[in-house]
Amino acid sequence: MLNDDSHSKTITILKILLPSIALLILSFLFLLPDHRTKLQAVNKIDKSILQVINKAGINQPSFRGTLASGSNLELYAKSVLPTNKDKSIIEVNEITARLEIDKKSWATAFANKGLINTTEKTAEMVGSVKIKGFKKIQIDASDLKIFYLRALAKTKKPVSMKGPFGMMTAGSAEFYDMNQKSGEGYVLLFDKGVKMLYKLEEN
Amino acid sequence: MMFVLILTDVYAETNFKIDNKLFNDKSTVEANSDKLKIESKNGTATFSGNVEIKLNGLTLSAQEIIISYYTSEESKQEIKEVLALKDVIFVTSKDILKADKALYKLNDGTIALTGNVSITQGEASFSGKSLFINLNTGEGTISGQVTAILGSGN
Chain V
1 MLNDDSHSKT ITILKILLPS IALLILSFLF LLPDHRTKLQ AVNKIDKSIL
51 QVINKAGINQ PSFRGTLASG SNLELYAKSV LPTNKDKSII EVNEITARLE
101 IDKKSWATAF ANKGLINTTE KTAEMVGSVK IKGFKKIQID ASDLKIFYLR
151 ALAKTKKPVS MKGPFGMMTA GSAEFYDMNQ KSGEGYVLLF DKGVKMLYKL
201 EEN
Chain F
1001 MMFVLILTDV YAETNFKIDN KLFNDKSTVE ANSDKLKIES KNGTATFSGN
1051 VEIKLNGLTL SAQEIIISYY TSEESKQEIK EVLALKDVIF VTSKDILKAD
1101 KALYKLNDGT IALTGNVSIT QGEASFSGKS LFINLNTGEG TISGQVTAIL
1151 GSGN
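So the protein lines, in turn, are chains V and F.
Numbering of the first sequence is given in the numbering used here, commencing with residue 1 and proceeding in unit increments.
Numbering of the second sequence is given in the numbering used here, commencing with residue 1001 and proceeding in unit increments.
Just so you know, the hints here were simulated from the structure itself, not pulled from any lab data.
Glycine included, every Cβ here is placed at the ideal spot set by N, Cα and C.
Incorrect hints may appear among the rest.
Examples of chain V residues lying across from chain F (beta carbon under 10 angstroms, computed) [as the list claims (entries may be wrong)]:
1) Val126
2) Pro158
3) Pro164
4) Gly166
5) Met168
6) Val187
7) Leu188
8) Leu189
9) Phe190
10) Asp191
11) Lys192
12) Val194
13) Lys195
14) Tyr198
15) Lys199
Computed list of lysine-lysine pairs in BS3-like fashion (alpha-carbon distance at most 25 angstroms, straight line) [stated by the list, open to error]:
16) Lys1105/F with Lys145/V
17) Lys1094/F with Lys130/V
18) Lys192/V with Lys1041/F
19) Lys136/V with Lys157/V
20) Lys156/V with Lys192/V
21) Lys1080/F with Lys195/V
22) Lys1129/F with Lys195/V
23) Lys195/V with Lys1054/F
24) Lys1035/F with Lys145/V
25) Lys192/V with Lys154/V
26) Lys136/V with Lys195/V
27) Lys195/V with Lys1105/F
28) Lys1080/F with Lys156/V
29) Lys145/V with Lys195/V
30) Lys199/V with Lys1129/F
31) Lys130/V with Lys1105/F
32) Lys1041/F with Lys1080/F
33) Lys113/V with Lys162/V
34) Lys113/V with Lys132/V
35) Lys199/V with Lys1035/F
36) Lys1080/F with Lys157/V
37) Lys1080/F with Lys1054/F
38) Lys1086/F with Lys162/V
39) Lys1041/F with Lys154/V
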C-alpha cells in the first residue's frame, strides 16, 4: 500500500531506505567470521543500489534486485506515509529486508516502524528491530538510527546478539564505516555495559 | 604461632609452578566491561573500564584489555595476543597474580607480566619486577629484585 502519489517521492524514499537497510544488515555482518566477503559487499553496495533503482523506475515500496557486488537484496515495506507538510519525514511500517551475499551467506532484517528523514538523510528504526543471519546469528534492538551520509549506525537503547558463538549484550552500540573517506576500515563500539559469553569449542 | 621467612635477592630468578589447565580448557569465556571497541584497521578489540574476563575458575580483571587479531588465509579471524593494562589481577583457585601489565601471546603460549608483579600461593608470596609464564609447561619464572615471603601458622 502506497499512500503518497508522487512517483519521484517514492524513488527518493527508496534511495534512502534501501541503502539504509543494507547498511543496517551489513553493520552486523561485520561481526561474522568471513571478513573478506563482508568487505567485498560493503565497498560496492550503496552506489549499486541507487543505480538499480534509477534504471528500474520503482514505484512501490518493494524492491528485488542484484547488486554490483553480486549480492541479492529484497525489500518490502507494508506502508509508506509522509508525516509532515513538506513530506521530508516519512513513516515506513513493517519493513522486511533480505540480503544474500551468496547462497550460504544471508541476513534478514525486520523493524516495526521506520522514520526516514530525507533532508537529514537519516533512517530511524523503532519498536522492534530484529536481524537474523546465516550461521544462526540473531540481533535484537529496540531502536536503530542510521546516518546514511556518514555511514554511521547507532542504537541508544540496549542491543543483544546471540548465535553459535555465544551471546552479547550492550547498553548501546555504534557502527561507523571508515572506508568511504579514508579506507581505514570500520569501527564497532559497544557502550553502557558490555557482557559477552563466548563458546570456545564452537569457534 | 606464626612463622614468616622473608628472602630478598636483587638478581635472583625464582621458579614455581602455575596451574595451567585453566588456560588450556575449551569452554565458555565470560567477558564484562564498560565498553568494547572493535577496530578493523588495527585488528583490535578493546575492552575498557572495569574489565573482567572469566574462564572456568580463572578470573582476569584489568582496566583495559586489548585483543589483537588477524585474518587467516581461510578468512577466519584468529586471536594473536591479549594485552591487559592497569590493575591487572589473575585469580585462580590456588594463585593470585598481580601486575601493571600482562601480555599473553597465543602462538607460543606464554604470558609476560611486568611492573609491580606479585604472586600469592596460599601462605607464600613472591614479588619482583617481571614474571614469565610458559602455559605449555605451567612453569613460571619471576625475576628482578625478587622478594619471597614464606609463612605458616596462626
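Hint check results:
no.	hint	in the structure
1	Val126	violated (24 angstroms)
2	Pro158	violated (14 angstroms)
3	Pro164	violated (12 angstroms)
4	Gly166	holds (7 angstroms)
5	Met168	holds (8 angstroms)
6	Val187	holds (5 angstroms)
7	Leu188	holds (4 angstroms)
8	Leu189	holds (5 angstroms)
9	Phe190	holds (4 angstroms)
10	Asp191	holds (5 angstroms)
11	Lys192	holds (8 angstroms)
12	Val194	holds (5 angstroms)
13	Lys195	holds (5 angstroms)
14	Tyr198	holds (5 angstroms)
15	Lys199	holds (5 angstroms)
16	Lys1105/F with Lys145/V	violated (38 angstroms)
17	Lys1094/F with Lys130/V	violated (44 angstroms)
18	Lys192/V with Lys1041/F	holds (24 angstroms)
19	Lys136/V with Lys157/V	holds (23 angstroms)
20	Lys156/V with Lys192/V	holds (10 angstroms)
21	Lys1080/F with Lys195/V	holds (22 angstroms)
22	Lys1129/F with Lys195/V	violated (33 angstroms)
23	Lys195/V with Lys1054/F	holds (11 angstroms)
24	Lys1035/F with Lys145/V	holds (20 angstroms)
25	Lys192/V with Lys154/V	holds (13 angstroms)
26	Lys136/V with Lys195/V	holds (19 angstroms)
27	Lys195/V with Lys1105/F	holds (24 angstroms)
28	Lys1080/F with Lys156/V	violated (32 angstroms)
29	Lys145/V with Lys195/V	holds (22 angstroms)
30	Lys199/V with Lys1129/F	violated (35 angstroms)
31	Lys130/V with Lys1105/F	violated (37 angstroms)
32	Lys1041/F with Lys1080/F	holds (15 angstroms)
33	Lys113/V with Lys162/V	holds (23 angstroms)
34	Lys113/V with Lys132/V	holds (17 angstroms)
35	Lys199/V with Lys1035/F	holds (20 angstroms)
36	Lys1080/F with Lys157/V	violated (32 angstroms)
37	Lys1080/F with Lys1054/F	holds (19 angstroms)
38	Lys1086/F with Lys162/V	violated (30 angstroms)
39	Lys1041/F with Lys154/V	holds (20 angstroms)
Hint compliance for this structure: hints 1, 2, 3, 16, 17, 22, 28, 30, 31, 36, 38 are broken, all remaining hints hold.
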